[in-house]
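Visitor: Read top to bottom, the protein sequences are chains W and B. Take the first sequence: its position 139, counting from 1, is numbered 204 in the numbering used here, and each next residue is one higher. Take the second sequence: its position 283, counting from 1, is numbered 294 in the numbering used here, and each next residue is one higher.
One thing to keep in mind: the hints can contain errors.
[What the hints assert, rightly or not] EDC-like cross-link-like pairs, simulated, lysine to aspartate or glutamate; straight-line CA separation at most 20 Å:
1) B:K134 <-> W:D339
2) W:K81 <-> B:D140
3) B:K134 <-> B:E100
4) W:K81 <-> W:D339
5) W:K235 <-> W:D178
6) B:K261 <-> B:E238
[To be verified] Some, not all, of what chain B presents toward chain W, calculated at C-beta under 7 Å:
7) F156
8) L277
9) V279
10) L283
I should point out that these hints are in silico values taken from the structure, not numbers from a laboratory. Ideal placement from N, C-alpha and C gives every residue a C-beta, glycine not left out.
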Amino acid sequence: MLGSIRWRDFSRHILKNRLSLTGLVLIFALLVFAVIGPYVAPYDPYTTDPINKLEDPSKAHIFGTDNLGRDILTRVLYGARISVTIAVIVLVVSGTIGTLIGIIAGYFGGGIDNILMRITDVFLAFPRLILAMAVAAALGRSLNNVVLAVAFTTWTIFARLARGQALAVKEEDYVEAARASGASSWRILFVHVLPLCISPVIIQGTIAMGGIILIVAGLGFVGFGAQPPTPEWGVMVSDGRNYLPTAWWACVFPGLAIMFTVLGFNLLGDGVRDILDPRMR
Amino acid sequence: MIAYIVRRLFWMVFVIFGVMTLTFFIARVIPADPVAAVLPSNAPDEAIEKERARMGLDKPIWVQYGRYINGILHGDLGVSIRTRQPVMEDLIRYFPATAELALASLLIGIVIGLSLGVVSAVKRGRIPDHAGRMFAIWGLSMPAFFTGLMLVILFSHILRWFPLLGQMPAYLRRPPHVTGFLILDTMIAGNWSLVVTELRHLVLPAFTLGWLSTASIVRITRSSMLEVLPEEYIKTARMKGLRESRVVLKHALKNALLPTITVIGLRVASLLEGAVLTETVFSWPGLGRYVVSSFLSIDFPAVVGVTVFIAFLYSFCNLIVDLLYGYLNPKIRYT
Chain W
66 MLGSIRWRDF SRHILKNRLS LTGLVLIFAL LVFAVIGPYV APYDPYTTDP
116 INKLEDPSKA HIFGTDNLGR DILTRVLYGA RISVTIAVIV LVVSGTIGTL
166 IGIIAGYFGG GIDNILMRIT DVFLAFPRLI LAMAVAAALG RSLNNVVLAV
216 AFTTWTIFAR LARGQALAVK EEDYVEAARA SGASSWRILF VHVLPLCISP
266 VIIQGTIAMG GIILIVAGLG FVGFGAQPPT PEWGVMVSDG RNYLPTAWWA
316 CVFPGLAIMF TVLGFNLLGD GVRDILDPRM R
Chain B
12 MIAYIVRRLF WMVFVIFGVM TLTFFIARVI PADPVAAVLP SNAPDEAIEK
62 ERARMGLDKP IWVQYGRYIN GILHGDLGVS IRTRQPVMED LIRYFPATAE
112 LALASLLIGI VIGLSLGVVS AVKRGRIPDH AGRMFAIWGL SMPAFFTGLM
162 LVILFSHILR WFPLLGQMPA YLRRPPHVTG FLILDTMIAG NWSLVVTELR
212 HLVLPAFTLG WLSTASIVRI TRSSMLEVLP EEYIKTARMK GLRESRVVLK
262 HALKNALLPT ITVIGLRVAS LLEGAVLTET VFSWPGLGRY VVSSFLSIDF
312 PAVVGVTVFI AFLYSFCNLI VDLLYGYLNP KIRYT
């Protein structure tokens, strides 16, 4: 059971496994760039410099410049902050909504459970990217709406997980004891059931993170996400593809940034799944 | 079993109904005015009113909802504002290209995924295992649009092995329409050199999409192989003196295949998602591109139609997987 995993064992396994350790290093690097990026970036991400457009990578511009002469390294660094921020907000929003719906369904059971889970099924009937695109198109194309659109497609993961957890916890003796001593259902739900759902939700959140970043970048690439001139990685790849193959750097570096970020989360997630399923080790 | 199928079908109907409702409400919150998309901005008020009435937008929301559901049940998804064709006809026209791409990529995913999964399990903990898993996780981490662009740079621009974009060169004439599936139609027309050209166009997009599928197939094949390999009957097979390759492929893989089939079925459904990005990169004239262009132009009937259509396909694939799984695994109880 997810909830019974001890964090100390958990971190020991992660550190022992070389692949998940690599993932951890990549994620750490991403977080560092997201925090310090804007302070160490050599240029301004928005200032255009038409004379130096599409310059090869050089000492002055390590990753080269884009079609408007903006420094790509700078924009990739700013992009790290955008990606991390969006992904974290999506996780918090969808994690909260999903967990609440899940524990309510699992704890109260019966008709409420049935209705909530059928609604979840309806959401799961859409491919996530398509649903996110529909929501983003409906709300209007902007970075804020991307958060809503992606959260709209992500909460189901947490709802199912939290429901399972609540189903298991509600049979425990101490919940029975709390009920016998007169605690209200809502009190039991928030004091006894919710805390036990938090670590599995965080673990699941780590596994889901790579997928979230991919969807955000995908939305940016097809034009539903952040809009130019925002230095969002998906948008940058989309801008850069018009100058292939000569100015490959405009497209390759932001693409690599997405790849390494998602790779980090997937490697860590893979290690986490191995721990949860010991047969795979 | 029959009762299970009936119940499962009933849920599917319920889910599809929910899908239609949810899509309707998402489309209703579109702030952009669908009338403005059809008429010029200086159109007189009467013309706007007339167009609103023609689209049924002047009716109360529940009447609109009723008409919408009724339309879908009769196979009528409305007329696209952008292409001015019935949405249903558009979907039927664009679907075959996506299906060809999805099938080819699934084939690639299965071949690579199964082989890497088996090798990973047999060489567990050694270099081939790590390399196989790494390749799979890497594929899962590459945004499909980035994989596509990198393949285009390497194989089309630099090496010039494969053509750049689309299903076939634009200057050649398409074979006569029989099935709508381009490669199939070309075969029927007997134009074999064009078939080869089309297959060459298919390679890069199919690999882009197929690589995504390998990850889950490798993972599940590896884990079920690891479960099967220590079994007594595998030892027996070895003791009988069978060749190791035969033991692994015939005795172990055959029994380890069940969970893999489930995962493959689930991949079919999510291929639709990857198709959106892959088709955008390769200018592949399929559903994915249709989705992107109709969403970008807020083509209300097309957005609704294509979303419902895709959700239907997706649920249908999942249903088939469920039923197939039950059929293949008699241990499952239908209670």
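Visitor: Determine for every hint whether it applies to the structure shown.
Guide: Results for each hint:
1. Taking the CA atoms of K134 (chain B) and D339 (chain W), the gap is about 17 Å. The hint holds against a cut of 20 Å.
2. With a CA separation close to 17 Å, the supplied pair K81 (chain W) and D140 (chain B) stays within the 20 Å bound.
3. Proximity of K134 (chain B) to E100 (chain B) is assessed by CA-CA distance (about 51 Å); at most 20 Å being required, the pair is judged violated.
4. For the proposed pair K81 (chain W) and D339 (chain W), the alpha carbon gap of about 12 Å is at most 20 Å, so the pair holds.
5. The suggested pairing of K235 (chain W) with D178 (chain W) holds, with an alpha-carbon distance near 14 Å, which does not exceed 20 Å.
6. Of the supplied pair hints, the one linking K261 (chain B) and E238 (chain B) holds, its CA atoms being roughly 15 Å apart against a limit of 20 Å.
7. The interface hint given for F156 (chain B) is met, as the beta carbon of that residue sits about 5 Å from the closest beta carbon of chain W, less than 7 Å.
8. The interface hint given for L277 (chain B) is violated, since its Cβ lies 11 Å from the closest Cβ of chain W, which is over the 7 Å cut-off.
9. For the restraint placing V279 (chain B) at the interface with chain W, the shortest Cβ-Cβ distance is roughly 11 Å, beyond the 7 Å limit, so the hint is violated.
10. Given hint, L283 (chain B) at the interface with chain W, holds; its Cβ is 5 Å from that chain's nearest Cβ, closer than 7 Å.
Checked against the numbered hints above, the structure violates hints 3, 8 and 9; every other hint is satisfied.
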